[in-house]
Amino acid sequence: MTLVLAFPSIAATTCPRCYGLVPVEDGLYAEPDVSDVDRQRLVSLYREANQRVTDFYGERRGRPIVLACSTPECYSRVGGGGERGVAVLGRAVMLSPRGLDPVIAAHELSHTELHARLGSGQVPQWFDEGLAVLVADDPRFLLPRTSPDRCRTDTQEPLPQTLDEWLRAASADEQMYGKAACRVHRWAAAHGGPRAVVDLLDRLSRGERFTG
Numbered sequence: 001m002t003l004v005l006a007f008p009s010i011a012a013t014t015c016p017r018c019y020g021l022v023p024v025e026d027g028l029y030a031e032p033d034v035s036d037v038d039r040q041r042l043v044s045l046y047r048e049a050n051q052r053v054t055d056f057y058g059e060r061r062g063r064p065i066v067l068a069c070s071t072p073e074c075y076s077r078v079g080g081g082g083e084r085g086v087a088v089l090g091r092a093v094m095l096s097p098r099g100l101d102p103v104i105a106a107h108e109l110s111h112t113e114l115h116a117r118l119g120s121g122q123v124p125q126w127f128d129e130g131l132a133v134l135v136a137d138d139p140r141f142l143l144p145r146t147s148p149d150r151c152r153t154d155t156q157e158p159l160p161q162t163l164d165e166w167l168r169a170a171s172a173d174e175q176m177y178g179k180a181a182c183r184v185h186r187w188a189a190a191h192g193g194p195r196a197v198v199d200l201l202d203r204l205s206r207g208e209r210f211t212g
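Oh and the sequence shown: position 116 is 116 in our numbering, straight run, nothing missing.
Simulated from the structure, these hints should not be mistaken for lab results. Every residue gets a Cβ at the ideal spot worked out from N, C-alpha and C, and that includes glycine. A couple of the hints might just be wrong.
Said to hold, decoys possible - Taking CB as the label site, the calculated pair distances span:
1) Pro97 - Thr211: 37 to 47 Å
2) Pro32 - Thr211: 45 to 55 Å
3) Gly207 - Ile10: 21 to 31 Å
4) Thr71 - Val43: 12 to 22 Å
5) Gly119 - Ile10: 19 to 29 Å
6) Ser76 - Ser44: 33 to 43 Å
7) Asp202 - Ser35: 41 to 51 Å
8) Pro158 - Glu83: 45 to 55 Å
9) Thr153 - Gln122: 22 to 32 Å
10) Arg60 - Ile10: 15 to 25 Å
11) Thr14 - Asp154: 32 to 42 Å
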């Protein structure tokens, strides 16, 4: 999920300490009373998630912070809802207890990197979400990298363009993520892989219109 605009999410990502979170590693905040084992697990998933994003995009342009909540109380306090994770204004990621996983974290970090690269450019919401699935290498919606075609599901129907349309469609059909990922994967595969996506985002940031 991406781009929430609600308070206190903005406040929490601006001042994590004000919401009871402490730095665990550069850019990663967590609750102060997590065990040493859980702290190391958070660091590991944070590093793995960032590596997935870097592996796809190459040099990173976004510098988001990550708020990792190990308890529902923490996630509620920082403004989270029922989602596993959420990207906030392209500058931060909040992870719920159910989102403490490198796949979920990489998905949300992909949103922030995409918007750091887009600037004032725009893509439809299906592309944003499908790309995040691809970057995160989410096995729920993609077959292994060794598969000639990684699509688990496909559709020829138009995919949701706006965030509101996406939220409605995805809440009714979780496989909407797989359908979007399939379309992005096939486009990328036909145009040269991740480098083609990076080049597309650069063109969009310079004012070109999305036509995919």
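Tested hints:
1. Pro97 - Thr211: 37 to 47 Å: Roughly 40 Å apart at Cβ, these two residues keep to the hinted range, so it holds.
2. Pro32 - Thr211: 45 to 55 Å: Taking Cβ atoms as reference, proline 32 and threonine 211 lie about 49 Å apart, which means the hint holds.
3. Gly207 - Ile10: 21 to 31 Å: With a Cβ separation near 28 Å, glycine 207 and isoleucine 10 satisfy 21 to 31 Å, so the hint holds.
4. Thr71 - Val43: 12 to 22 Å: Holds, since threonine 71 and valine 43 (Cβ atoms, about 18 Å apart) stay within the stated range.
5. Gly119 - Ile10: 19 to 29 Å: Holds: the Cβ-Cβ distance is about 20 Å, inside 19 to 29 Å.
6. Ser76 - Ser44: 33 to 43 Å: The hinted range 33 to 43 Å is violated for serine 76 and serine 44, with Cβ atoms some 25 Å apart.
7. Asp202 - Ser35: 41 to 51 Å: Distance hint for aspartate 202, serine 35 holds at roughly 43 Å.
8. Pro158 - Glu83: 45 to 55 Å: violated (24 Å)
9. Thr153 - Gln122: 22 to 32 Å: holds (26 Å)
10. Arg60 - Ile10: 15 to 25 Å: With a Cβ separation near 22 Å, arginine 60 and isoleucine 10 satisfy 15 to 25 Å, so the hint holds.
11. Thr14 - Asp154: 32 to 42 Å: holds (41 Å)
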